[in-house]
Structures are given as C-alpha cells and as structure tokens.
Amino acid sequence: MKNRWVLFVPLAIMGLLFGAFIYRLMTPPDTLIQSQWIDKPMPLFDLPPATAGVAGLKSSQLADGRPRLVNVFASWCIPCRAEAPQLEALKAAGVPIDGIAIRDRPEDVAMFLREYGNPFDRIGADMQSSVQIALGSSGVPETFLIDGKGIIREQIQGVILADQVPEIVAKLEAMK
Amino acid sequence: MSGLPNSIRFPAKAGIQSVVTLALVLAAPLAIPATAQDRLPPAPYAYQQLKDPAQEARAKALMEELRCLVCQGQSIADSDAPLAGDMRHEVRSKIAAGESPAEIKTWLVARYGNWVSYDPPFDGATALLWLGPLLFLALGGWLAFGRFRRGANDDEGGEA
Amino acid sequence: MIAELGLALLWIAAALACLSLVAGTLFLRGGSKDLAALVRPASVAQGVLTAAAFGLLIALFVRSDMSVELVARNSNSLKPMIFKVAGTWGNHEGSMLLWLMILSLSGGLIAIFEKRLREDTLVATLAAQAALSLGFFAFLLFSSNPFKRLPVAPPDGQGLNPLLQDIGLAFHPPTLYVGYVGLSVAFSFAVGALITREIGPAFARAMRPWVLGSWIFLTLGITAGSYWAYYELGWGGWWFWDPVENVSLIPWLAGAALLHSVAVTATRNALRAWTVMLAVIGFSMSMVGTFIVRSGLLTSVHSFAVDPERGTFLLALMAIYIGGALTLFALRAGSVAEGKKFALLSREGSLVINNLLLTTILALVLLGTLYPIVAEAMGEKISVGPPYYNKVAGPLALILCLVMVAGPLLSWRKDDGKRLWSRLPLAIFAGAVVLFGLVLFGGKVGILPLLGMTVAGVVAVASLAPLWGRNLRRTPLPTWGMVTAHFGVAVCLAGMGAESAFIKERLVAAAPGDVVKVGDFAVKFVGVKPVAGPNYTAIEGTLVATTSSGGSFTMRPEARTFPGLMGTAPTETNEAALLTRPGGQLYAVLGQPVTSDDGSADRYQIRLWWKPLVWWIWLGGALIAVGASLSLLGRAQLLNIWRARRSRKSQERFAP
Numbered sequence: 006m007k008n009r010w011v012l013f014v015p016l017a018i019m020g021l022l023f024g025a026f027i028y029r030l031m032t033p034p035d036t037l038i039q040s041q042w043i044d045k046p047m048p049l050f051d052l053p054p055a056t057a058g059v060a061g062l063k064s065s066q067l068a069d070g071r072p073r074l075v076n077v078f079a080s081w082c083i084p085c086r087a088e089a090p091q092l093e094a095l096k097a098a099g100v101p102i103d104g105i106a107i108r109d110r111p112e113d114v115a116m117f118l119r120e121y122g123n124p125f126d127r128i129g130a131d132m133q134s135s136v137q138i139a140l141g142s143s144g145v146p147e148t149f150l151i152d153g154k155g156i157i158r159e160q161i162q163g164v165i166l167a168d169q170v171p172e173i174v175a176k177l178e179a180m181k
Numbered sequence: 026m027s028g029l030p031n032s033i034r035f036p037a038k039a040g041i042q043s044v045v046t047l048a049l050v051l052a053a054p055l056a057i058p059a060t061a062q063d064r065l066p067p068a069p070y071a072y073q074q075l076k077d078p079a080q081e082a083r084a085k086a087l088m089e090e091l092r093c094l095v096c097q098g099q100s101i102a103d104s105d106a107p108l109a110g111d112m113r114h115e116v117r118s119k120i121a122a123g124e125s126p127a128e129i130k131t132w133l134v135a136r137y138g139n140w141v142s143y144d145p146p147f148d149g150a151t152a153l154l155w156l157g158p159l160l161f162l163a164l165g166g167w168l169a170f171g172r173f174r175r176g177a178n179d180d181e182g183g184e185a
Numbered sequence: 075m076i077a078e079l080g081l082a083l084l085w086i087a088a089a090l091a092c093l094s095l096v097a098g099t100l101f102l103r104g105g106s107k108d109l110a111a112l113v114r115p116a117s118v119a120q121g122v123l124t125a126a127a128f129g130l131l132i133a134l135f136v137r138s139d140m141s142v143e144l145v146a147r148n149s150n151s152l153k154p155m156i157f158k159v160a161g162t163w164g165n166h167e168g169s170m171l172l173w174l175m176i177l178s179l180s181g182g183l184i185a186i187f188e189k190r191l192r193e194d195t196l197v198a199t200l201a202a203q204a205a206l207s208l209g210f211f212a213f214l215l216f217s218s219n220p221f222k223r224l225p226v227a228p229p230d231g232q233g234l235n236p237l238l239q240d241i242g243l244a245f246h247p248p249t250l251y252v253g254y255v256g257l258s259v260a261f262s263f264a265v266g267a268l269i270t271r272e273i274g275p276a277f278a279r280a281m282r283p284w285v286l287g288s289w290i291f292l293t294l295g296i297t298a299g300s301y302w303a304y305y306e307l308g309w310g311g312w313w314f315w316d317p318v319e320n321v322s323l324i325p326w327l328a329g330a331a332l333l334h335s336v337a338v339t340a341t342r343n344a345l346r347a348w349t350v351m352l353a354v355i356g357f358s359m360s361m362v363g364t365f366i367v368r369s370g371l372l373t374s375v376h377s378f379a380v381d382p383e384r385g386t387f388l389l390a391l392m393a394i395y396i397g398g399a400l401t402l403f404a405l406r407a408g409s410v411a412e413g414k415k416f417a418l419l420s421r422e423g424s425l426v427i428n429n430l431l432l433t434t435i436l437a438l439v440l441l442g443t444l445y446p447i448v449a450e451a452m453g454e455k456i457s458v459g460p461p462y463y464n465k466v467a468g469p470l471a472l473i474l475c476l477v478m479v480a481g482p483l484l485s486w487r488k489d490d491g492k493r494l495w496s497r498l499p500l501a502i503f504a505g506a507v508v509l510f511g512l513v514l515f516g517g518k519v520g521i522l523p524l525l526g527m528t529v530a531g532v533v534a535v536a537s538l539a540p541l542w543g544r545n546l547r548r549t550p551l552p553t554w555g556m557v558t559a560h561f562g563v564a565v566c567l568a569g570m571g572a573e574s575a576f577i578k579e580r581l582v583a584a585a586p587g588d589v590v591k592v593g594d595f596a597v598k599f600v601g602v603k604p605v606a607g608p609n610y611t612a613i614e615g616t617l618v619a620t621t622s623s624g625g626s627f628t629m630r631p632e633a634r635t636f637p638g639l640m641g642t643a644p645t646e647t648n649e650a651a652l653l654t655r656p657g658g659q660l661y662a663v664l665g666q667p668v669t670s671d672d673g674s675a676d677r678y679q680i681r682l683w684w685k686p687l688v689w690w691i692w693l694g695g696a697l698i699a700v701g702a703s704l705s706l707l708g709r710a711q712l713l714n715i716w717r718a719r720r721s722r723k724s725q726e727r728f729a730p
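Residue numbers (the numbering used here), protein chains in the order written: chain A, 6 to 181; chain B, 26 to 185; chain C, 75 to 730.
These aren't lab readings, by the way, just hints derived from the structure by calculation. Be a bit skeptical, because a hint or two may be false.
[Stated by the list, open to error] BS3-like cross-link-like pairs, simulated, lysine-lysine; straight-line CA separation at most 30 angstroms:
1) B/Lys119 to B/Lys85
2) C/Lys107 to B/Lys76
3) C/Lys222 to C/Lys107
4) C/Lys578 to B/Lys119
5) B/Lys76 to B/Lys130
6) A/Lys154 to A/Lys96
7) A/Lys45 to A/Lys63
8) B/Lys85 to C/Lys598
9) B/Lys130 to C/Lys465
10) C/Lys465 to B/Lys119
Build out the structure end to end from the sequences listed, making use of the hints.
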C-alpha cells in the first residue's frame, strides 16, 4: 500500500499529546497572572485617603526621585496580615512605602493599621479596583517597585517573604 | 509552584464554577472558598446595565470575552467575584464614555496580556491554534477523497 | 471485615483478569482450545467480583465506618442516606473503583452475550478488555486503595461539603462514567479484531450496540450536566467551553463519528480501517479526559490536589494502552483491505464527510483545550474560550448538519444528484421561511445564530423525510431512531440559536413593589423573607411575573448561605427560579441587598433573563438519546431474542 505512512499519523499525534502532558506534569501550571504593565509609567490616578489621618495617593506623587514600593492590599485579605512584619522591616530599612487599599471601608482600614502597624506614607482608597486594574494587578497583596521617575519596574505577587526584604532594599537602592 | 500565600490571595466566591465543571466529569474533593470577603457594595455598573441598549449590547459582548482574573474558569460576565464586578464596571463606564470595545480590549491586554481575552489573537504563538483545524480538515479531505470511486464504470473492485 | 473482604475480592478479580489475559494470549499463539474455554468464565467472574467489591464499598459508606480512611475523609454520619451512597464515587479512589467495575462488568457482559463473533476474535477481545482492567487494578491496588484502614478511627468523618450534596452532582458522574468506559468495549473489539485480522461486518455488528449504548449515556450525561450548570450557576449559561466540559465532549464526538462509520462497515463492509481507528480513539479520549481532570492538568487547579505520582501512573498506563493499540493499528491496518468502494454522492460518501467533520471538530476541541499548555511552553499565556470555538467549530457544525440533511436521503453505493434534489424542496422551503422570517422580523441577529436557526429549519423537515411514503408500522426501529436523533439535533440547534439571538437581560436593584419589564413579562418584586433549610439559611425573594395575556406566576429565587465548616468562610450560592413557558424560560436570580443613599437596605439586586426556546436545547439532547436508544433496541435485536425465547418456551410447554 502506498500511503502506509498515514497509518502512523495517529500514533504521532498521540506522541505530541503525551509530550504536552509530560511537559505539564513536570512544570506545573503557573496560575498567577503577571502584570504586563512593567517598565511603563504609573497610570494616572488621584485616590482619596483610605482612612482618616493618612493622606491619599496621587500618581504624580510617585515620581519625586525616590524609588519606592506601592503595596496593593486590603484589610479583608488574610495573607496581607502575614505581610505586615516584612513591610515594617522594609520601612525600617528606609524604604518609602505607599499603599492602595482595595475595596475597603475607612473603619476597616483604620482597624487593620491599628492591629498590624502602619508602614505606609500615604494610602489611597481604590473603591472599585480601577487603579488595581490599570496596574494589571490581579489580587492582593501585590507590591510594585517604582523608580524615582514613577516608572513601574517590577511586580511582586503574593506576600513578601522575610528573605526577600534585603533583596528588595538592594533593588530599590540600585534604582537611585 | 506558587506558594501557599499566593494561591489563596483572593477570595474565590466563584468556587461554585469549579464545582460545576467538576460535576461534568467527576466529583472530587473541593476547595471551599477560604478567605474573607470585602464588605463594600458592588461597583455601580457591576450589576447595572447601561441605559442605551446598543451600548449595553456592545459592553455585554466584550464582557463575555474577558476572562475573570480571580475565578479563572469564567468570563467576567458570569462571575460573582468582586474583581469581576469591578471589571464589568470598568468596561461599562468606558463604553458609556464612548470608547470602542476594541480600544478597551487593547487597554486590558496591555495590562494583563492576552490571557485576559478568551479570543486569542492570531500571532506566531497561536498560528497552530487557528490553522490547525484547517490543516486537519485539508489533510483528512485529501485522504478521504482519494478513496472515492472514480468514474461511474469502476465496479466493486475495492475488495483486494 | 467488610473492608478486608472488599480488598480481597479486588485482588481475586485482578488475578482473574491476569488469567484471562494469559490464557487468551496463549490460545491465540496456538495454545489448546481448553485455554480459550477459560476466558469467558474468568471474565464473568471478574465482573461479578469487582461489582461485589464496589457493593462492599457502598456498604462501608452506608454504615459510616469511619475506620476506613476513604469514608472518614469523604463522608459524615449526619449526611442524608442518598448522599452517603453517592459519596462512594464522589472521590478519587471510589470513582476509580466505579470505573474499574464498569470496565469489568462490560467484559463480563461481552462474555455472556456476544455470540456472533468468531471464537478467536472474541477471546482476543476479552483478553484486551482484561489487559485494560489489569492496569486499572494495578492503579487502584498500588496507589489508590479505597479500602485502606486508619490506625485510629475518628469519631466522625470530614465529608459534609454542602455544595456536593446535590442530586444532580451525585448521579451525573456515574452516568458519564458508563459512557466513557462503555467505549472501552469498542476499543477491545478493535484490538481483538486487529489481532485476529477479522475486520468486517461481523465485528462491526458486534461492536455497534456497545457504541450506541455508551453514546446514549454520554449524551444524557452531557445534556444533564449542561442543564445542571444552567440552573445552578445563577448566570443562565448552558455551555462554557470549559476544559472540563470539553473533555466530556471529545469522547462524545468520537462516539458520534464511530457509530456512523460502524454503520458503513456493518452494512457495506467499507471504511474498515477507519472504523477500527475511531474505536481506538474513542476510549483513548475517555482516558485522556479522565487523566486531564484527575491529574489537575488544566484550570481546575483550585479544586484538585495535583498528585504527581498518580498522574504519572495514569499517564504511563495510557501510554501503554493507547500507544500499543495505535502501534498495532499502524502495523496491521495496512493489510486490512479498504473494503468496498463507493461514490462521493452516496450514503457512504455523506457518512465519510460526516466523519471528517466530526473528527475535525474533535481535533479542534482537543487542540483548543490543550493549546494554552503549548502556548505557555512558547512563553505566552493565552486563554482559549467561546469566541474561538464559535468561530472555528460553529461553521463546521453547521456544514455537518447540512450533510446530515442529505445523508439519510441518499442510497448506498451511488446516487444521483437530481434524485437527491427532488427530495429536498420542502426542507429548503422551511429553511427559507425561517431565514426570511428572521431577516424581516427578527431585528439584529448575529450571523451564527441566524444560520443556526435556518439550518435547524432545514434539518427539522429533512430529518423526517426518510419516513415519507413509508409504512410507518413496518419502518424498522433503527430508522425511527435515526429520524428521532436527527430531529433532536434540529431542536437543539434551534434552541441554541434562538437563545443566543433573542435573549433579554435585565439587571436591576429593585425595592418591594417595583415592576420590571423583561420580554413579554412584567415582573413585580413583592419582597423577601428569611427561610431556613436543613444545612443553610437563605433569603427568599418573591417575584410575580404576569404576561400580557393575563397569566400570573410566582417565582421564588433564593440566596443561600452555607455556614463555614471547620473554620472556613461561609459559602454563598444562588438558587435561580425558573419559569418554563412554551416559548422559553424566565430565569430569575436574587442577588445582594443594595444600600440606598439614605442607608436603608430595602432594595435587592435582581437578575432576570427571558431565554426564548432555551429548553429546546435539552429537549434536543434528550431526543438524540431517545433516538439512539431506539436504534440500540433495533440493533441489539433484544426484541428478536425475547420473541425467540418466548416461542421456545411456548414450544417447550406444549412438548410432550
């Protein structure tokens, strides 16, 4: 028969399929959606204060020459509580940190700050996640490293772990 | 592997979707939504239609094409997750402000990548996805039609 | 004791599978006839013992024996009895045992009932079935033992998840499983026939009822699953092109292609190699689907703990079975004659096009489902969803339906275009009426729904054409089956088209007394009241829908809150209220309370949809299943067997 090779086509397709399966079993899916808005200027926004006694946040304030962190958090987010000590450590290391509180009520933010400390210079209230969406952020907590010109340089998804703290300090130092 | 704190970063009220999709094949142990929920009311346009039916229809079509970032298995049009509600608000507000669906999609893709759209673009990485079925059909058609009896006089000689 | 007995039965059944395999192989290699005689009884005994083991597992769940790890993890003594029973297969180990039981029982049933095949082909088939079950026995016994005891029994079990306590969810998986695993029989028949090279009408006729039977269960499973998602999700969607849905659709498509190609092989002794390959593909796709879901390969990562060991085990099993069968196919199919030739314009020709389109759709669904993995390997994260499938599969499905119009009207071997054309005017007229009606009065209708409804009109009329001018009492059951199933496709298609084209949506924040217009209904929001269920609390809304013709209907959607279990947050679900009318369904969901500007919370989010003809989708699915059942009744010749038995009995009665 002339077209004998055709009979091996199903086997070959199966082989490709199994290749994909093996690849996936060896490299488990990365379910985090990284922001693509990296090395781009901070989107324009002007957020009101999230709670009394702490200033709100404007995007223009983020380009004052000092590299900094913008922490996207929420009082109702349980992992954010676990992140508080690391943010305190960063602040102690001299890193300026601004916060964006997602879908939060002023009294809840105040309670959160009382309980877990306030490392933030300013906290903007993002009531409808619009700044979060403009940043390409897909959850809380997330932290963005901003250089002195207000350009987003890196996104950290999830809780900042204790051993990441010196690394972040060094990176911000390098942006100066 | 993503660390545990990452995987529970956001409340998944949309857990019901996983239950359903699951049900379609097998029942299995489920992750019950495990984190707290925010207590703010939904954004105005999360559960409210635009006044102009034509605008609403455009917004609806776009929302059905955008993937929910939190629940991952649903479009933002059928998700109860707060972030999906906020994204619906974003889409409807922009449509109401006169932006076209294509502009809004470009805006979102610039932030979340092509992942956010259920309608993948045609590019190097997706060429096989779009052309694969056509190739398959062409190859199959070529094989099948080669075997039809040619001409009316050809009798049942295929038994060989 | 029950658990130990169950485990022992499993081991004995596994040994019997081993016996069938070894005896069958030796016989086929020229061993003595006595070896062949062993295979049938061993297959039957294996089926009975595995079923008994599954029965014992159910008994453990019914008795809430918490000393068994599986029961302790997945059940609770306070669960209603029905959910205790359903809990048996609502977990990994139990569902694998169910899978294995169906596999073994199928082998037993072939051994008992199959009388038409040559002895060596039957032995080869049973040996193949035994080989399949042996792998899954190994999987169960070595990596997923359902009967494992705990060193210390806990006071009660952990399985109280309220979301899983749903009748639809309890009986949906077993239905699909029967369909999935039923295809294993076709797989084994194909392997058996390849081994003995007996590929012809006898093999096709033996396989046919099994294909039909599994396909009925797959159709029912998918239809029921779609309806379940529709009412349970609270957004009114009936198909999401979700990966988990797709992997249930793929074996269904393979089954649909197979039952059409097997018809050609059985009737005309053509398409032989192709039918064999489809039979292999069908069960392969069942295994691939189960693997994808089981190993947490795609999206459902939130729900499945990925177990690399089990995933690897299943992958290795699949590689052996699928790779082995396809290699055998590649080596043997070349020597299988193609069978009788035919013209393009003939019944066979139309069935070839049907198969080509069905397998293309199958391939594209598989491609779309797995492509995100491929793209990720290339460094891009993408999502493949409804827009892709609608654009690519939609047109193919419509062409497929048009082929379905022509196929049944063509005669075998060769037909002539004019004769076909002469049978179509009424169908074309029906399509034209629908098309013009929609264009003139339908308003703005999308191109795909428009074509869908038009094609549905053509198919609805044309599908009945094989009955015209026939004596209906003498029309064979399989013809009735075909007509019913094809008509069902038209009904389903019309439902899909009408729902997508004419759906009306209203999202409002309503205060008691407010009236909302949707479709032809004026819906009055009367108010809400709290209600308590067995394991939840709920806010129940009362809506009164009135039609312009004066009909009045009360709808009661609920927003339920299930308390958090063991420290987890409460779970909220929406119970939609459905009002079924001849023209469609009104779908109502009660959402969150809305705080007014003055701080009072008397308004509620209400979502209302008028979904024209939506229930035709599932009616169509049911008709397809009914049609396949009629066909099965005709093909399996159960009626004939029953009649023969009765006449034999009556003869015996009158015998001296």
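Each hint, compared with the structure:
A C-alpha spacing of about 13 angstroms is found between B/Lys119 and B/Lys85, which places the hinted pair at or below 30 angstroms, so the restraint holds. Restraint check for C/Lys107 and B/Lys76: not satisfied, since their Cα atoms lie roughly 81 angstroms apart, outside the 30 angstroms limit. A C-alpha spacing of about 40 angstroms is found between C/Lys222 and C/Lys107, which places the hinted pair above 30 angstroms, so the restraint is violated. At most 30 angstroms may separate the alpha-carbon atoms for a hinted pair to count; C/Lys578 and B/Lys119 meet this at roughly 23 angstroms.
With a C-alpha separation of about 22 angstroms, the suggested pair B/Lys76 and B/Lys130 falls inside the 30 angstroms cut-off, and the hint holds. This hinted pair checks out: A/Lys154 and A/Lys96 have alpha carbons roughly 20 angstroms apart, not beyond 30 angstroms. Restraint check: the Cα-Cα separation between A/Lys45 and A/Lys63 comes to about 17 angstroms, which is no more than 30 angstroms; the hinted pair holds. The hinted pair formed by B/Lys85 and C/Lys598 meets the criterion: a straight-line CA distance of about 25 angstroms does not exceed 30 angstroms.
Straight-line distance between C-alpha atoms of B/Lys130 and C/Lys465 comes to about 18 angstroms, which keeps the hinted pair within the 30 angstroms bound. Distance restraint check for C/Lys465 and B/Lys119: the Cα-Cα separation of roughly 26 angstroms lies within the 30 angstroms cut-off, and the hinted pair is therefore satisfied.
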